[in-house]
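Q: According to our numbering, the residues represented by the sequence shown are 257 to 623, in order.
No wet-lab data here; the hints were simulated from the structure.
Everything numeric in this text was worked out from a predicted model, so none of it was measured.
Just so you know, not all the hints are guaranteed correct.
Per label pair, the in silico range of CB-to-CB distance [said to hold, decoys possible]: (1) W596 to L374: 39 to 45 Å; (2) L611 to P434: 32 to 38 Å; (3) F441 to I581: 27 to 33 Å; (4) F618 to I581: 28 to 34 Å; (5) C520 to S381: 19 to 25 Å; (6) V444 to T622: 36 to 42 Å; (7) A298 to K574: 29 to 35 Å; (8) L362 to S385: 18 to 24 Å; (9) G578 to F403: 21 to 27 Å; (10) G429 to V567: 44 to 50 Å.
Built from N, CA and C at the ideal position, the CB exists for glycine as well.
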Amino acid sequence: MHSVIEQFSPSGAFAEPAGRALLACLVSFALTMIFAPRVIRALISLKIGQPIRTAEEVHKLAELHGAKAGTPTMGGVLIVGSMTAATLLCARMGNPFIIACLIVTLALGLLGFRDDYLKVAKKTSDGISARKKLLVQFLAGLAGVTFLYLYPEGNPRVELHDYISSLFIPFYGQVNLPWFVYIPFGVVVVMSASNAVNLTDGLDGLASGCSVATGITYAIIAVLCGSWLTADSLDIPFHPGAGEISVFMMALVGACLGFLWHNCYPARVFMGDTGSLALGGAFGMAAVCTAQELLFIVIGGVFVMEAASVVLQVGSYKLRHGKRIFAMAPIHHHFELKGWKETQVIARFWMISLLLAFLGLFLITTA
Numbered sequence: 257m258h259s260v261i262e263q264f265s266p267s268g269a270f271a272e273p274a275g276r277a278l279l280a281c282l283v284s285f286a287l288t289m290i291f292a293p294r295v296i297r298a299l300i301s302l303k304i305g306q307p308i309r310t311a312e313e314v315h316k317l318a319e320l321h322g323a324k325a326g327t328p329t330m331g332g333v334l335i336v337g338s339m340t341a342a343t344l345l346c347a348r349m350g351n352p353f354i355i356a357c358l359i360v361t362l363a364l365g366l367l368g369f370r371d372d373y374l375k376v377a378k379k380t381s382d383g384i385s386a387r388k389k390l391l392v393q394f395l396a397g398l399a400g401v402t403f404l405y406l407y408p409e410g411n412p413r414v415e416l417h418d419y420i421s422s423l424f425i426p427f428y429g430q431v432n433l434p435w436f437v438y439i440p441f442g443v444v445v446v447m448s449a450s451n452a453v454n455l456t457d458g459l460d461g462l463a464s465g466c467s468v469a470t471g472i473t474y475a476i477i478a479v480l481c482g483s484w485l486t487a488d489s490l491d492i493p494f495h496p497g498a499g500e501i502s503v504f505m506m507a508l509v510g511a512c513l514g515f516l517w518h519n520c521y522p523a524r525v526f527m528g529d530t531g532s533l534a535l536g537g538a539f540g541m542a543a544v545c546t547a548q549e550l551l552f553i554v555i556g557g558v559f560v561m562e563a564a565s566v567v568l569q570v571g572s573y574k575l576r577h578g579k580r581i582f583a584m585a586p587i588h589h590h591f592e593l594k595g596w597k598e599t600q601v602i603a604r605f606w607m608i609s610l611l612l613a614f615l616g617l618f619l620i621t622t623a
């Protein structure tokens with residue numbers, strides 16, 4: 257099945273995923289820039305503002321971020337909407353990787369939208385309970401990964417799971433996973449990535465900026481995995497049709513760039529859980545589709561660091577009788593409380609994200 261853009265373009269002009277990926281980036285960026293002012297005005301008129309934890313809850317954080325109270329949230333609808341539209345236009349919709357990525361991204365986007373709505377309605381930082389949120393994330397991940405495993409390719413003698421049930425281990429190579437390991441592992445990756453990006457979204461432009469570096473990196477990896485020649489020369493898993501993931505990832509990048517225009521310090525709009533949960537799910541599925549789940553620890557290192565800081569903080573508090581490792585978690589708040597300005601934290605984390613993206617590409621091309 258050809259993409260919409262291929263049907264209305266000169267013969268062969270957009271036959272390769274790389275060209276359509278660049279176009280998807282431009283389209284999603286343009287859509288976000290066009291609709292952002294209208295969406296922001298609508299959110300303001302509807303009084304859909306970000307609730308900030310009060311001084312009674314976290315005194316120092318309230319002092320630092322009190323001025324942000326009321327800033328429009330749910331801006332993630334711009335990201336999810338623009339990247340979905342660009343993907344529908346530029347990607348080959350019969351491709352199982354695209355279908356699986358959209359299933360997870362849209363499902364988690366809806367979960368985040370519901371969570372944001374409850375927070376706004378209650379005027380608190382509490383939305384859907386953690387248990388319910390994890391359940392929906394589990395079901396979304398299970399649907400995407402299972403669909404990917406069971407979807408048959410065009411050749412009736414070949415099933416896609418013959419290719420995708422592999423895992424790339426840097427400096428070792430690829431190993432094949434049985435379905436009862438592959439599916440649960442993939443679901444955990446999707447859930448973990450979704451929550452990691454969600455925890456990172458606490459400063460103006462932090463999550464959206466880091467998402468640009470991560471998205472570009474997975475787009476490059478998708479092109480490498482989708483070509484037998486490059487996959488064979490690099491000794492990485494070859495996934496027929498995986499190049500289409502680059503279209504989806506670059507649509508995400510364009511949407512994040514357009515959103516960052518309005519989300520950079522001082523932010524005019526926040527993505528909310530609508531955007532962060534969806535972005536994390538998209539990265540998780542991209543990692544699963546390319547068999548580069550372990551490399552997400554490096555490529556999405558800032559997200560992983562943020563999530564790890566929360567796990568360590570909670571664990572330390574419970575096991576060490578109230579003692580904390582950090583001044584506050586996630587770790588970006590720790591640096592704020594240590595005297596870093598918000599803009600310093602954001603810029604330095606962006607730099608770390610970019611360097612880790614380069615490191616991830618280095619690992620995949622030299623392993």
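Q: All hints are to be evaluated individually against the structure, with a verdict given for each.
A: Right, here's what the structure says about each hint:
Checked against the hint of 39 to 45 Å, the pair W596 and L374 fails, with Cβ atoms roughly 32 Å apart. For the pair L611 and P434, the supplied restraint of 32 to 38 Å holds, since their beta-carbon distance comes to about 36 Å. Our hint of 27 to 33 Å for F441 and I581 holds, since their Cβ atoms are close to 28 Å apart. Between F618 and I581, the C-beta spacing of about 30 Å keeps the proposed range 28 to 34 Å intact.
Between C520 and S381 the beta carbons are some 23 Å apart, a value that agrees with the proposed interval 19 to 25 Å. For the hinted restraint 36 to 42 Å between V444 and T622, the CB-CB distance of approximately 27 Å leaves it violated. Taking the beta carbon of each, A298 and K574 are about 43 Å apart, not inside 29 to 35 Å as hinted. Range check, L362 to S385: about 22 Å between beta-carbon atoms, so the 18 to 24 Å window is met.
Restraint check, G578 to F403: a C-beta distance of roughly 45 Å breaks the suggested window 21 to 27 Å. Between G429 and V567 the beta carbon distance is about 30 Å. The supplied range of 44 to 50 Å is therefore violated.
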